[in-house]
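A.B. asks: The chain contents come next:
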Amino acid sequence: MLLSYLPLLIIALFGVGAFYASRARISAAPQRALPGLPGHYGWYGTLWTVVPAALVYAVWTIIDDQVIRNIVLSDFPELSGAAATLLYVSIENAAAGVMTDDVPMASVELLLNLENLSAAARFALVTAVSVLGFFWGWRRIRPELTARDRVETALLVALFIASIIAILTTVGIVLSLVVETFRFFQLVSPFEFFFGLEWSPQIALRDDQVAASGAFGAVPVFAGTLLITVIAMLVAGPIGLMSAIYLAEYAHPRVRAVIKPLLEILAGIPTVVYGFFAALVLAPSMRNLGVDLGLTISSESALAAGLIMGIMIIPFVSSLSDDIMTAVPMSLREGSYGLGATASETIKRVILPAATPGIVGGFMLAISRAIGETMIVVMAAGLAANLTANPFEAVTTVTVQIATLLVGDHEFDSEKTMAAFALGLTLFFVTLALNVVALRVVQKYSERYE
Amino acid sequence: MVNAGTASSPQPKLVAREVSVFYGEKQAVFDVDLDIMPREVTAFIGPSGCGKSTLLRCFNRMNDLIENCRITGSMLLDGGDIAGSDVDVVQLRTRIGMVFQKPNPFPKSVYDNVAYGPRLHGVAPTRSELDELVETSLRRAGIWDEVKDRIDQPGTSLSGGQQQRLCIARAIAIRPDVLLMDEPCSALDPIATATIEELIDELKSEYTIIIVTHNMQQAARVSQRTAFLNLGRLIEFDETQKIFTNPSEPSTQDYITGRFG
Amino acid sequence: MSSSVPTTISSQAAANRLLLRRKRAERRFQLYGILAISAAVGFLVVFLASIVSRGYMGFVQTEVRLTINFEQELVEAGSYRKILRTSLAELFPEAGSSRAERRALAGLVSAGTVFVLRETVEADPAIAGTVRDVWVLASDPVDQFHKGRIDASLPEEERPISDASLARIAALEQDGRIALRFNRSFFSRGDSRNPEEAGILGAIVGSALALVVTLVVSFPIGVMTAVYLEAFAPRNRITRLIEININNLAAVPSIVFGLLGLAVFLNVFGLPRSAPISGGLVLSLMTLPTIIISSRAAIRAVPPSFAEAAIGLGASRVQAIFHHVLPVAAPGTLTGAIIGMAQALGETAPLLMMGMVAFVVEVPGGFTDPSTVLPAQVYLWADSPERGFAEKTAAAIIVLLGFLLVMNGLAVYLRRKFEKQW
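Residue numbers (this note's numbering), protein chains in the order written: chain E, 7 to 456; chain X, 28 to 288; chain H, 5 to 426.
These are computed hints drawn from the structure, not numbers from a lab. For every residue, glycine included, the Cβ atom is placed at its ideal position computed from N, Cα and C. Treat each hint with caution, since some may be false.
What the hints assert, rightly or not - Calculated lysine-lysine pairs in the DSS-like style (CA-CA distance at most 27 Å, straight line):
# : chain 1 : residue 1 : chain 2 : residue 2
1 : X       : Lys129    : X       : Lys53
2 : E       : Lys450    : X       : Lys129
3 : H       : Lys27     : E       : Lys354
4 : X       : Lys129    : E       : Lys354
5 : X       : Lys135    : E       : Lys450
6 : H       : Lys421    : X       : Lys135
Claimed, not checked - Quick partial rundown of chain X residues pointing at chain H, CB under 10 Å, derived from the structure:
#  : residue
7  : Ser112
8  : Asp115
9  : Val117
10 : Leu147
11 : His148
12 : Gly149
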């Protein structure tokens, strides 16, 4: 444990030391106009001391687990795949002090030895690289060195690397989804997935019978998502739009200053709290109401989930619509009022038509939000993939299926888990398309009135 | 032309008495008394910020749209109150139309721009009546020949001068008695300005027109009477010719000779 | 020309009717607006009221004062179960010694009472051999009945508490042996299968650890990205690609980040499941766009003249940005970070994938310990059938909303305090 963090400590200490040493060296040099402050020379020394050593540490840390695993498992050439993983996990557990049955003690010992060896080697290597780096930098610190330039370039490189992480994240998302989905589509045809009407991935007939582990026709899942989204938009659309209209066109600034943040609270409440409300407050009372009215309302009805989701996305509709309507130039309002129009006529005939692209963009963002929302539906919608348009029945959604297929302890590489990634990929692309189009539409709109 | 003012009927179209306008604590217009004669062009001139636009916008209550704006004093249209809080501004604005500084056609077709007012007020209920009204209004605004082939294209696709004439057509389509024009040519080039000025001259046969302008030549060219305002006060109000040739107030003289403004 | 003007409205009456209709339409339209806002705000009020009314009782807990005889030999033998049993039997001598009766008596107090007694003695060994009054937690049914959540008028088989137990509770009440007290264990314990013993400390610590990871990772990267994009990035395709990526990441459903974390952090990098380090990393990728976007706005709000002045005095661009622009933009950046952290605190879905929605009794002590987070605790308890968990869930929600309120309030305060017009 100590040995694993010690190299980092060494790097940090050496780095600080290198700063002062390098600064002192340049200050002792014959003084003349330097291409940098003494501090820049200090940083220059620090960079050479820290960066190569830190890279070595990182690379070593990333690959040593894999190397050790290969060495330990090389004693068991007959094992592969899941069996090897299982064995290795139990060896690791045993090494960590959790005793399990049937663990080859020789391997446990080997693992522990290798781990210690690796940590010690890493410590030695990192220290050596750090010292070498320091002397490399030290030799170059002369008044002729353009230290400021070098240090600033290094800083810019660091900034650039930081901003690349956004791209890496997207690449990571796409790759991880695509790889698993590709494997899934080797087992289940894309045609069945996108057009099949049966979804029951949880029912495996026999453990070893991979292809028969269930049905993967995702249409009921998509339909459930659509149904809940439609219900949500039926709530959020009118309420959000009318609230935005009132706030933008009628409300006194002081009222607006109170109501607007109040509405935005709705978007800040954690979705799990909405889920609690939908599942434990709204759904039971709706079922009771249904009993009184002679209706059968499932306790996990699409209606309850959709209603609450609608409330949650009100601010997404209202905020953007409000912004867009406020951006409609005052001159258009004056033109309309000057012709004797009432406020509502001005809104309906001039402002809304002028703001339509922006409002549509806002709706699309809200829809994308609704499709991707997870906790409300996990808690309030069902698991059963019913293909129905009846809002009183239970339906399931893409996000619910992803969550339930991946939560819990089951082996990876099964069709179920891969199916979750296929659903995730679909979800990713649908929401991405909605967002790209929505942003385009809104951008086009705002250009028009600039 | 000079005689037009003096020979017109003695009954003024619009009357303002002791009109003051406040924006919050700040007073923008001080105790203005003014009689606007029918079927004449009255010009409001004065340096920028003198309150001429504010005063103009009192006549059709456009200042109601501005938060904290308060008007005192009395204003009458044909003897009927227009300043009171019980006055129906919607009806008032059908009688007093307005053309704005910057052309502001709605993002709709040329046709729909002109038909906007008539549709609201239920004028010309049938399609053919509406077609006719749109055409008449565009003709009266002198723009029919230019737009008759693209009546379904957006009004925003026209040139600046055409847009402004479209806005005039839009305003007269509901047949108001009075037309308020708030520096209608300030955003236009000289040629477009000349066209609009000609149009104003023609329109005065049917409408009472008040025009705000900071262009003194324009006031001299188009108006029969001119009101000079400075720092929110009405300094002088008389026949245009008199104001420009022999003003009674020294500050009017200074302004029109370009000593300030 | 004027001859072509069509006839005006036929009658004044018709015009008036039209005007009236338009006025009514106007009022109706305004009313729709007011109704829409009332619906949204009304929901918020009902929502918060229902959570508070369900949850406030979670902060208190019914406790029972038992007179415990810590017999020396039983303490030495460690048979605290027997100590408790004897004490309960003394309290209710009318109960027989049958197995069912003994169980009914033990069912009055929390299943964890035995351990509490042991801890009491371990904390103060002098207790052994004495008779002491000890306040112990009541069991969930007793707690719920005492709080008035169980209707005693229902037939016996429809409620979770028997007639005999009701009589005993009444006797305890008469003796002043039963009371509602502040629920300390709610804030000092981890999760438990018994609602009366379940606490949120584990979840709070888990959330705090995950947020530390999130902040440490996403704040520097986010600010560095923002500085790069606002101050140094050349206008080229790579820069545009980065910007597009950031905007799109902001809109990716959170559960997709969970899939990324599962596939990359857990399966490829082999980070531990259910650990704050893994959950925090996923949350930091999620909050990165928020921090970048608000930091960029903060940097952009600094007038370019600041940097220009420094450059005019011979500073390099890097020095100008880091010495003169960043310090001015710092409060805005910080505000963005707080809002990002608040988002991360409320997030559940991606953590589902990372195994952080788990039954964890131990309060986590480090970044790699198994742990859960506050919203995940809410999710877990909301799923539990015991009555006691319903109010615990709502109470945990109140705590969660309280944290969010403080964080957002802090952000608003910072923004107000440092809002300047240059």
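A.B. asks: Work down the list of hints and note, for each, if the structure agrees.
C.D. replies: Comparing the hints with the structure gives:
Restraint check: the Cα-Cα separation between X/Lys129 and X/Lys53 comes to about 26 Å, which is no more than 27 Å; the hinted pair holds. Distance restraint check for E/Lys450 and X/Lys129: the Cα-Cα separation of roughly 23 Å lies within the 27 Å cut-off, and the hinted pair is therefore satisfied. About 14 Å separates the Cα atoms of H/Lys27 and E/Lys354, which keeps this hinted pair within 27 Å; it holds. The hinted pair formed by X/Lys129 and E/Lys354 meets the criterion: a straight-line CA distance of about 23 Å does not exceed 27 Å.
This hinted pair checks out: X/Lys135 and E/Lys450 have alpha carbons roughly 17 Å apart, not beyond 27 Å. Distance hint between H/Lys421 and X/Lys135 is unfulfilled; the C-alpha atoms sit about 45 Å from each other, more than 27 Å. The beta carbon of X/Ser112 comes no nearer than 16 Å to any beta carbon in chain H, farther than 10 Å, and the hint placing it at the interface is violated. This hint holds: X/Asp115 has a C-beta 8 Å from the nearest C-beta of chain H, less than the 10 Å allowed.
At its closest, the beta carbon of X/Val117 sits 7 Å from a beta carbon of chain H; the interface hint therefore holds under the 10 Å criterion. Proximity of X/Leu147 to chain H holds as hinted, the smallest CB-CB distance being about 8 Å (cut-off 10 Å). The restraint placing X/His148 at the interface with chain H holds, with a minimum CB-CB distance near 7 Å, inside the 10 Å limit. The restraint placing X/Gly149 at the interface with chain H holds, with a minimum CB-CB distance near 5 Å, inside the 10 Å limit.
Taken one by one, the earlier hints fail for this structure at numbers 6, 7, listed in ascending order.
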